[in-house]
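Residues per chain are reported as follows:
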Amino acid sequence: MVQRNRVLVELAAIPENVGVARLLAAMVAAQGDFTVAEVDEVKLAVSEAVTNAVVHGYQPDSAQDHSVRMEVSLRENVLEIIVSDAGRGIENVQLAMQPAVSSDPDRMGLGFSFMESHMDSLEVDSAPGRGTRVRMTKRAGTAHLSRLEAN
Amino acid sequence: MVQRNRVLVELAAIPENVGVARLLAAMVAAQGDFTVAEVDEVKLAVSEAVTNAVVHGYQPDSAQDHSVRMEVSLRENVLEIIVSDAGRGIENVQLAMQPAVSSDPDRMGLGFSFMESHMDSLEVDSAPGRGTRVRMTKRAGTAHLSRLEAN
Amino acid sequence: MAIEHELVGANLIVRLNGELDLVEAAAFKRLVDDLLDRRKVRNLYVNLAQVTFVDSSFLGALLGRYRRINTQGGRMGIIRTPGPVRPTLELSGVFRMMAEYGSEQEALTAG
Amino acid sequence: MAIEHELVGANLIVRLNGELDLVEAAAFKRLVDDLLDRRKVRNLYVNLAQVTFVDSSFLGALLGRYRRINTQGGRMGIIRTPGPVRPTLELSGVFRMMAEYGSEQEALTAG
Ligand SMILES: Nc1ncnc2c1ncn2[C@@H]1O[C@H](COP(=O)(O)OP(=O)(O)O)[C@@H](O)[C@H]1O
Ligand SMILES: Nc1ncnc2c1ncn2[C@@H]1O[C@H](COP(=O)(O)OP(=O)(O)O)[C@@H](O)[C@H]1O
Chain Y
1 MVQRNRVLVE
11 LAAIPENVGV
21 ARLLAAMVAA
31 QGDFTVAEVD
41 EVKLAVSEAV
51 TNAVVHGYQP
61 DSAQDHSVRM
71 EVSLRENVLE
81 IIVSDAGRGI
91 ENVQLAMQPA
101 VSSDPDRMGL
111 GFSFMESHMD
121 SLEVDSAPGR
131 GTRVRMTKRA
141 GTAHLSRLEA
151 N
Chain X
1 MVQRNRVLVE
11 LAAIPENVGV
21 ARLLAAMVAA
31 QGDFTVAEVD
41 EVKLAVSEAV
51 TNAVVHGYQP
61 DSAQDHSVRM
71 EVSLRENVLE
81 IIVSDAGRGI
91 ENVQLAMQPA
101 VSSDPDRMGL
111 GFSFMESHMD
121 SLEVDSAPGR
131 GTRVRMTKRA
141 GTAHLSRLEA
151 N
Chain P
1 MAIEHELVGA
11 NLIVRLNGEL
21 DLVEAAAFKR
31 LVDDLLDRRK
41 VRNLYVNLAQ
51 VTFVDSSFLG
61 ALLGRYRRIN
71 TQGGRMGIIR
81 TPGPVRPTLE
91 LSGVFRMMAE
101 YGSEQEALTA
111 G
Chain B
1 MAIEHELVGA
11 NLIVRLNGEL
21 DLVEAAAFKR
31 LVDDLLDRRK
41 VRNLYVNLAQ
51 VTFVDSSFLG
61 ALLGRYRRIN
71 TQGGRMGIIR
81 TPGPVRPTLE
91 LSGVFRMMAE
101 YGSEQEALTA
111 G
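Protein chains in written order, with this note's numbering: chain Y, 1 to 151; chain X, 1 to 151; chain P, 1 to 111; chain B, 1 to 111.
Be aware that a few hints might be false.
Said to hold, decoys possible - Chain P is faced by these chain Y residues, among others (derived, beta-carbon under 8 Å):
#1 Asp40
#2 Thr51
#3 Arg107
#4 Leu110
#5 Gly111
To be verified - Partial pick of chain P residues on the chain Y-facing surface, computed with a CB cut under 10 Å:
#6 Val23
#7 Ala26
#8 Lys29
#9 Gln50
#10 Phe53
#11 Asp55
#12 Pro84
#13 Met97
As the list claims (entries may be wrong) - Over 10 Å on every C-beta distance to chain X, these chain B residues come out as not near it, computed from the model:
#14 Glu4
#15 Arg15
#16 Leu35
#17 Lys40
#18 Phe53
#19 Asp55
#20 Gly73
#21 Arg75
#22 Ile78
#23 Arg96
#24 Glu100
Read the hints as simulated data drawn from the structure, not as lab findings.
Predicted model only: the values in this text are computed from it and were never measured.
The beta carbon of each residue, even a glycine, is placed where N, CA and C say it ideally should be.
Could you put the whole structure together from the sequences, leaning on the hints where they help?
Okay, here's the thing in structure tokens:
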């Protein structure tokens, strides 16, 4: 088992890199004491955060040279993930974080809800024109889904 | 298929991150037109380059805050991989690149040979105290191993 | 990931596998919308037996197809939900709109 | 990755799986050296049937064990080399030092 790790990745903001980010975070989580179910929860949270940067952060036509940053740190069984973009940002963060709120009629508006329900903490820092930064943490041994299943 | 991609990763210089780097490079290669055999060759070259940075670049006791950088770019079916560290560097690069030359009696001295034989090009830039930078390229459709097997 | 599909009368079965995110959501949407445009499809059954991961982008594509099928008077169902992806589907509420079946045969005979 | 091993008389069989790099090389080295120190092991057979990747760090660990076994008058062999890892093993020259067997049974009876 790995006690401490830090991986920082900068990915071209294309849909195909959401899976790359997901796998990277999963590998670092799996190095720690996270169960398979917990690693699955991390994957979901990362998928939502990185998808938002790719889909909402940047205009699709200008996407070519834009990038999404993800920092994954593992310290004494706490995983910290920071996903950030330099895109258009969010006007009303509190509103955007409500379940079923989306600026896109084809999307569910569940991204932030999924991040919140599958990680221990979620902080969103964003403003129009200043990009978006999502910070999430999770301690090993807190599988949220399995708790849900048990209910 | 993805036409263009760029992923940059900075990894803590620990043995467990060699597999992370390998998988990351494999995922980007697989997005392009690389065959399974070619992706395996990329994995081997990355494994050797990142292992060298972790094993030779830094003193094991000071490894905690050291990191290895890898940049993977895909452009029109050419993959470019740059692995660099800020470690102790190599005195005689030409000598170090010879097969079976190693500064460590427990190692085979085949790292650079494997990089060379599995990629299309290899450039090594290094000097004592200035770190090491390895640049490799590979075009899709050039599987070296399968050529070897056919002989 | 390769999406498979099969038309059995007016029933469209789509078989998915692996990790389903925005990339697969777009491919699924394209495939189903194209078949709904060109062929006489009434009901849609999505087989998830080989799926290992689902995020909200894919769930959105699923719901979008549900709206279209539902408007046209058809039925939509999920065939075999693997354990690890069940909680995500439940949280999204898709099971309130779609029936779940244990096999393709069961879905087709239930229609 | 979990390394399995089995002692059959003076023959040690080690079964590896997955991707073998410097992490697995260190674990393999530790396991074999510990058994060579504590038990009466003469021959070492390494089963690669479930292995998907091998790099030069792992090959170095293999060669290191070969030197030790060879000094002690024992024999070392490889059991089942999957196609994708064969070229790497061939380039490293390990097959010039170790015999290759199609099964554990074959290796044990060859001794
Ligand atoms: N990185 C981002 N950049 C710009 N806007 C964002 C970003 N992330 C989220 N948003 C805004 O917040 C809304 C809610 O996000 P979310 O809960 O993930 O739902 P969804 O992605 O389904 O719309 C989005 O519709 C979008 O307007
Ligand atoms: N990133 C690096 N930093 C410092 N020295 C290096 C680096 N990469 C390679 N070297 C030197 O070059 C030698 C040959 O490298 P290589 O062919 O990969 O064989 P091996 O890793 O088995 O020693 C190493 O033994 C080491 O002395």
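Going down the list of hints, with the structure as the test:
Among the interface hints, the one on Asp40 of chain Y holds; its C-beta lies about 6 Å from the nearest C-beta in chain P, closer than the 8 Å criterion. Here the hint on Thr51 of chain Y is kept, as its CB sits about 5 Å from the closest CB of chain P, short of 8 Å. The closest approach between the C-beta of Arg107 of chain Y and any C-beta of chain P is roughly 5 Å, which is under the 8 Å cut-off, so the hint is satisfied. A hinted interface residue such as Leu110 of chain Y counts as satisfied when its beta carbon comes closer than 8 Å to some beta carbon of chain P; here the least separation is about 4 Å, so the hint holds.
For Gly111 of chain Y, the interface hint holds, the least distance from its beta-carbon to any beta-carbon of chain P being 5 Å, beneath 8 Å. Hint status for Val23 of chain P relative to chain Y: holds, with the closest Cβ pair at about 5 Å, below 10 Å. Interface hint at Ala26 of chain P: satisfied, since its Cβ lies 7 Å from the closest Cβ of chain Y, which is below the 10 Å cut-off. The interface hint given for Lys29 of chain P is met, as the beta carbon of that residue sits about 8 Å from the closest beta carbon of chain Y, less than 10 Å.
Interface hint at Gln50 of chain P: violated, since its Cβ lies 16 Å from the closest Cβ of chain Y, which is beyond the 10 Å cut-off. Against a cut-off of 10 Å between C-beta atoms, the interface hint on Phe53 of chain P holds, since the closest Cβ of chain Y lies about 6 Å away. Below 10 Å, beta-carbon pairs count as interface contacts, and Asp55 of chain P has one with chain Y at about 4 Å; its hint therefore holds. At its closest, the beta carbon of Pro84 of chain P sits 6 Å from a beta carbon of chain Y; the interface hint therefore holds under the 10 Å criterion.
Annotation: Met97 of chain P was flagged as interfacial toward chain Y, and the flag is violated, the nearest CB pair being 12 Å apart, outside 10 Å. Here Glu4 of chain B stays apart from chain X, with its beta-carbon at least about 20 Å from theirs, past the 10 Å limit. With a least CB separation of 20 Å from chain X, Arg15 of chain B remains clear of the 10 Å interface cut-off, as annotated. Distance to chain X confirms Leu35 of chain B as a non-interface residue, since its nearest Cβ pair spans about 18 Å, more than 10 Å.
Every Cβ of chain X is farther than 10 Å from the Cβ of Lys40 of chain B; the closest lies at roughly 25 Å, confirming the non-interface assignment. Taking the minimum C-beta to C-beta distance to chain X, about 6 Å, the non-interface status of Phe53 of chain B is violated against the 10 Å cut. Against chain X, the non-interface label of Asp55 of chain B is violated: not every CB pair exceeds 10 Å, the least being about 4 Å. Non-interface status of Gly73 of chain B relative to chain X is upheld: no Cβ of that chain comes within 10 Å, the nearest being about 22 Å off.
Listed as outside the interface, Arg75 of chain B is consistent with that label: its C-beta sits roughly 21 Å from the nearest C-beta of chain X, beyond the 10 Å cut-off. The claim that Ile78 of chain B is not at the interface with chain X holds, since no C-beta of that chain comes within 10 Å of its own (minimum 16 Å). With a least beta-carbon separation of about 13 Å from chain X, Arg96 of chain B lies farther than 10 Å from that chain, consistent with its non-interface assignment. In this structure Glu100 of chain B is separated from chain X by more than 10 Å, as the shortest Cβ-Cβ distance comes to about 16 Å.
The structure does not agree with the numbered hints 9, 13, 18, 19 stated previously, though it agrees with the rest.
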